[in-house]
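Listed here are the chains, written in short residue letters.
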Amino acid sequence: MVEVDRSILVATGPEIPYELLADPLRFPSLFSAFPRVELVSGEARREGVRYLVSMRIGHIDAGGVQRVTVYRPRREIAFESEGGVRVSGGASFRAIDATHTEVRLRLRYEVPGFRPAARVVESLTRHVVARHVEATLLSLRRFAEFDQPAWLQPGEPEGRDRSA
Amino acid sequence: MKRAPVHLEDREIGLDARDPDYIRSMLPLMWMLSSLYFRAEVRGFERVPRDGPVLFVGNHSGGNVTPDTTVFLLAFNAHFGVERPLYALAHSLVTSWPVIGKWLERWGALTASPTAARRALESGASVLVYPGGDVEVHRPFRARYRVDFAGRTGFIRLARDARVPIVPVVSCGGHNTYLPLTDGRKIAKALRLNEIARLEVLPISLALPWGLDVGDFFGHVPLPAKIVIEILEPIDVVSRFPHEEDTRRAYDYVTLRMQEALVGLSAERLLAV
Chain W
1 MVEVDRSILV ATGPEIPYEL LADPLRFPSL FSAFPRVELV SGEARREGVR
51 YLVSMRIGHI DAGGVQRVTV YRPRREIAFE SEGGVRVSGG ASFRAIDATH
101 TEVRLRLRYE VPGFRPAARV VESLTRHVVA RHVEATLLSL RRFAEFDQPA
151 WLQPGEPEGR DRSA
Chain G
165 MKRAPVHLED REIGLDARDP DYIRSMLPLM WMLSSLYFRA EVRGFERVPR
215 DGPVLFVGNH SGGNVTPDTT VFLLAFNAHF GVERPLYALA HSLVTSWPVI
265 GKWLERWGAL TASPTAARRA LESGASVLVY PGGDVEVHRP FRARYRVDFA
315 GRTGFIRLAR DARVPIVPVV SCGGHNTYLP LTDGRKIAKA LRLNEIARLE
365 VLPISLALPW GLDVGDFFGH VPLPAKIVIE ILEPIDVVSR FPHEEDTRRA
415 YDYVTLRMQE ALVGLSAERL LAV
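Quick mapping for you: the protein sequence lines, in order, are chains W and G.
Residue numbers for the first sequence follow the numbering used here, so the first one is 1 and each next one is one higher.
Residue numbers for the second sequence follow the numbering used here, so the first one is 165 and each next one is one higher.
Don't take every hint at face value.
Using C-beta positions, here's what the derived DEER-type ranges look like [claimed, not checked]:
#1 G/Leu197 x W/Thr99: 29 to 39 angstroms
#2 W/Ala118 x G/Arg188: 48 to 58 angstroms
#3 W/Pro35 x G/Leu197: 29 to 39 angstroms
#4 W/His59 x G/Pro192: 24 to 34 angstroms
#5 W/His100 x G/Asp325: 30 to 40 angstroms
A few chain G residues that face chain W, going by a derived Cβ cut-off under 7 angstroms, partial list only [stated by the list, open to error]:
#6 Gly288
#7 Ile351
#8 Leu355
#9 Glu409
#10 Tyr417
#11 Leu420
#12 Gln423
#13 Gly428
#14 Ser430
#15 Glu432
Worth flagging that the hints you see were computed from the coordinates, not collected in a lab.
Remember, predicted model here, so these are calculated numbers, not experimental data.
We put the beta carbon where it would ideally sit given N, CA and C, even for glycine.
Looking at chain W on its own, in the form it has when it is part of the complex:
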């Protein structure tokens, strides 16, 4: 089992980084690690919604169906995989003060198969995955503080499907 846990301080309230991460369908336009995300079933921004997520690990495209297990607006989002490589993780948002938020990304995964070989793969991919997580956090900070997308309007009603 590999665990990656990284955080970053963003100079905004929690609503902006939360909005940036709340809708995985937005990821391909925001984060280079996610070239493709599709809605499989369920309602966006609701627990139980399922996405087909492609992730770029080094030069390898990996991924599978992920189900959102926790949606707590401006507090926490969590997910876990269905089939394939066992993956789980999520994001949490902690207000440090009125203008700063600590965003934490966690990822756990376990490569299936013959354990000694799987461990080699896990140790080789650990740093690559960690750097993808770090790059995603840096992108998140840039979009929150400097390059806010036009669609990002703090205070929009929860539950709205932004996939259109």
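Starting from the known structure of chain W, fit chain G onto it as the hints suggest.
What follows is chain G alone, placed relative to chain W:
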């Protein structure tokens, strides 16, 4: 591209030392050697404005040999042709080397100073600057994927005053060509190297052929690590950060963009080499 007339001040600065004919004659061999040895890959030239001066801002790696600078200068001249002038600002210790300093000047190296950079931009040339300088180029190996401009904001003011865009140039792999153990900042401070030679660090590294290399004053043989350089979208400092009080925010933005790209590039490689 027609070059502006060379003034006396330009001669003192070294603008006229750049030798396009010499670069043209050496380029095929140098680019081939560089491509083979470092498996060099440069992406994003299509993002560089087609004409006019720009301020390229790079992260600096690889000790005093700076292989990423070599790769970028070669790639730029190969892509745009030697007629589009590009100057690279270098530490005075480098340009004052007896033979190598003159050789680098033929490739477009200038002794770093605000005046030299401003005059080069005014002449219509582009300028490559490494704000992190000696501090960044000798950062410890464990910080090889970190952009460290040491809080130096002069490049923001330079771009704003000259009204040219900043084009970030992010290099990954240059710091895998040698093994700096420490940047020796405390030693440099104790020896007052900043007052003597404008050096804030005294790196101690493992490097060929010296073994333990203190200061890297005579350079070293770089290891053949892969170097990937990505040119990012231009940043229009004049319109986006127009005021002096915006300088710090502009600095944060440029370094954040570059750090994001550097970590992204590092995530592409499974192994350091």
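Consistency of the hints with the structure:
1. G/Leu197 x W/Thr99: 29 to 39 angstroms: violated (52 angstroms)
2. W/Ala118 x G/Arg188: 48 to 58 angstroms: holds (54 angstroms)
3. W/Pro35 x G/Leu197: 29 to 39 angstroms: holds (35 angstroms)
4. W/His59 x G/Pro192: 24 to 34 angstroms: Given about 30 angstroms between the Cβ atoms, the range holds.
5. W/His100 x G/Asp325: 30 to 40 angstroms: Because 32 angstroms falls inside the window, the suggested range holds.
6. Gly288: violated (30 angstroms)
7. Ile351: violated (30 angstroms)
8. Leu355: Violated: closest Cβ of chain W sits about 35 angstroms from G/Leu355, beyond 7 angstroms.
9. Glu409: violated (16 angstroms)
10. Tyr417: Holds, about 5 angstroms.
11. Leu420: holds (5 angstroms)
12. Gln423: holds (6 angstroms)
13. Gly428: Interface hint status for G/Gly428: holds (4 angstroms vs cutoff 7 angstroms).
14. Ser430: holds (5 angstroms)
15. Glu432: holds (6 angstroms)
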